[in-house]
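Engineer: Sequence:
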Amino acid sequence: MNQQSQQSHHSAGRPGIGRFGAFGGRYVPEALVAALEELDEHRLKAAHDPEFIGELAQLHKSYTGRPSIITEVPRFAEHCGGAQVVLKREDLNHTGSHKINNVLGQTLLTKRMGKRRVIAETGAGQHGVATATAAALMGLECTVYMGRVDTERQALNVARMKLLGAEVIPVDHGSRTLKDAVNEAFRDWVTNVDHTHYVLGTVTGPYPFPELVRDFHRIIGVEARQQVLDEFGRLPDAVCACVGGGSNAMGIFHRFIDDAGVRLVGFEGGGEGADSGRHAARFTGQATPGVLHGAYTYLLQDDEGQTIESHSVSAGLDYPSVGPEHAYLRDSGRAEYYPVTDDEAMEAFRLLAQTEGILPAIESAHALAGAMKIGREVGPGGLVLVSLSGRGDKDVHTAGRWFGLLDDEGNLTE
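Take this note's numbering: the last position of the sequence shown gets the number 408, and nothing is skipped along the way.
Hints are computed from structural coordinates only; laboratory data are not their basis. Virtual Cβ for every residue (Gly too), placed ideally from N, Cα, C. There's no promise every hint is true.
What the hints assert, rightly or not - Computed spacing ranges between beta-carbons, pair by pair: (1) Gln300 to Gly59: 42 to 48 Å; (2) Gly373 to Gly227: 18 to 24 Å; (3) Gly351 to Glu371: 24 to 30 Å; (4) Asp325 to Lys55: 33 to 39 Å.
Build out the structure end to end from the sequences listed, making use of the hints.
Structural biologist: See the structure below:
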């Protein structure tokens, strides 16, 4: 995090602190206000502290494995209308996803604030694994909340978190997915705020989390933009990323916002179809602005303001709300967002695996499916950059069942 990254791209003209146009803000119980202000104070000081900046940079170099590489995928691109496709390989980071970028920054801030315990929520498990990893590295206690449904479809990541010394608490109410895990994490934080920091995993929640998480992930776009210029001699025509809460998408988008000729395209969990009622597409007719988990943004809700349960084959995209900066980028016209169905994502998962030897996370497969459409739009000579946000090891059981290779118990079918 540096001075430049601290500057909100939309600070000029926004009506209040922590706002992206009309979106964002801070809607929390009074008991959390002091903790949020303490966090804001420490992160702003850290942004100008050479010791903090240097410690984080060294961790990225010697622990995370940054800079992550870019990889051109020509055989996959044969299915993309003749456009060239290049992947930003966040799947190669330690712990297997982009999540470690934000977690290392927040756990360093936890130590600066003198707190001894971190909590986190997780859907696909990648954020939980990254938090458990950083807590072990820095000697912090760690508790991770996870919906019961997600603990079952991401059992491998639950085991990883426990092996790293974290306590994993399954959440058994509501839809028993990510939304309910976030609710429980906030309840824990209210009770234990004196000695606990909530390592929120995506670019939503009350201010300063949307800016804080974005700034720790901004390194994805900073690296990728320079790597593409070095390799191809020009900027991409489009940058594609999957969008659950939207952390990896905001991380790679942000450095390109001022590049007017670069399309920014996010792909949501379209589930069984945007008209099916079983999806996680927040920019469809079923979603309207409202408040969830401390932020004013687009969310799936009914006419009475009750949150509608989301659905996606990807646990990481199975969330009824989206980061407020994404809502701003969408309404301002700077970014585009489209749903990708479960079927389309899984076909892209299979295609990348069998043409390039890379197993993507199912979340990332949504961006790959979207890139196939964007590639056909930009056509031959076009260049599409895709954020490969995570690797697919955690999704082998889900994919194996999807393609009929494994039964419900995880046994081979042949």
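Engineer: List, from low to high, the hint numbers that the structure doesn't satisfy.
Structural biologist: Going through the list in order, the structure violates no hint and respects every one.
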